[in-house]
Amino acid sequence: MVATLQYHTMSTAVLTPFSTTRALDVSKQFFGAGMIHFINLGISYYASKPASGPTTNLCVWYFLNVGIDTTFGVLLLWCWFTLLMNACEKCRFFHVGETGDYGPPPLSRMIWPWMRQMSVFLVAEILTKACLYEIVINSPWLFWLGELCISWTQYDPKVQVVFVMLIFPLIMNAIQFWLTDTILKVHQDLKETSNDKQQPYISTPMLAVLIEQTERTPLLFPPSKHRMAS
697 MVATLQYHTM STAVLTPFST TRALDVSKQF FGAGMIHFIN LGISYYASKP ASGPTTNLCV
757 WYFLNVGIDT TFGVLLLWCW FTLLMNACEK CRFFHVGETG DYGPPPLSRM IWPWMRQMSV
817 FLVAEILTKA CLYEIVINSP WLFWLGELCI SWTQYDPKVQ VVFVMLIFPL IMNAIQFWLT
877 DTILKVHQDL KETSNDKQQP YISTPMLAVL IEQTERTPLL FPPSKHRMAS
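Okay, so the sequence shown: first residue is 697 according to my numbering, each after it adds one.
What the hints contain is simulated information worked out from the structure, not anything from laboratory work. Worth double-checking, as some hints may not be accurate.
Label-pair ranges, simulated between beta-carbon atoms [what the hints assert, rightly or not]:
1) 745 to 878: 35 to 43 Å
2) 779 to 851: 44 to 52 Å
3) 812 to 715: 16 to 24 Å
4) 867 to 790: 33 to 41 Å
5) 746 to 782: 32 to 40 Å
6) 727 to 804: 17 to 25 Å
7) 719 to 785: 24 to 32 Å
8) 782 to 851: 48 to 56 Å
9) 785 to 844: 38 to 46 Å
Beta carbons: idealized from backbone N, C-alpha and C, even for Gly.
Just need the whole structure built from these sequences, with the hints factored in.
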């Protein structure tokens with residue numbers, strides 16, 4: 697009984713800071729995904745209704761934005777994030793520390809490092825999105841490719857909206873969150889003790905995907921005049 701209590705106490709002491717750190721890591725992606733979601737909506741509406749020329753399919757633009765964000769965008773995000781982190785470290789005017797390392801508990805002490813690191817991450821996402829926007833807008837062949845990819849949904853606008861706004865982002869964001877998670881979290885394998893390595897590691901990108909999808913759900917069935925089909 698004593699041994700069981702000691703094991704429970706030790707496990708709680710180890711897992712509680714770990715769980716807090718993982719929650720803070722996931723929250724970065726949650727805020728970042730929410731910001732990018734609304735940026736993508738804005739870009740899609742703007743691109744589908746140009747000042748001159750015919751109106752195009754908004755769904756295609758959103759599909760393209762999600763597709764490029766979760767593939768080439770991850771590499772570009774890593775480049776910008778690394779560049780900004782190194783710049784902050786060298787200039788020493790904005791100390792952010794090592795990504796994913798928020799210091800010891802309590803949570804009130806960990807919040808400030810988290811806020812500094814999240815601000816760098818959000819700036820990196822904005823710069824990444826600016827680069828990707830220029831690529832998408834100035835590459836007409838990408839629109840043709842996106843239109844071809846979702847052409848099988850053109851006869852049912854509701855299916856098109858569900859696929860573009862929910863199913864496709866759910867799959868692609870699961871991959872993106874997994875990749876981005878390796879950028880944001882501290883490399884535990886360099887810091888763990890042999891006892892820590894015995895603790896099971898539970899990855900949380902899928903949790904972030906499910907949380908982020910709640911932001912999309914209300915947009916699945918907008919009024920008919922705002923349908924995302926041409």
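Structure-inconsistent hints, enumerated in ascending order: none
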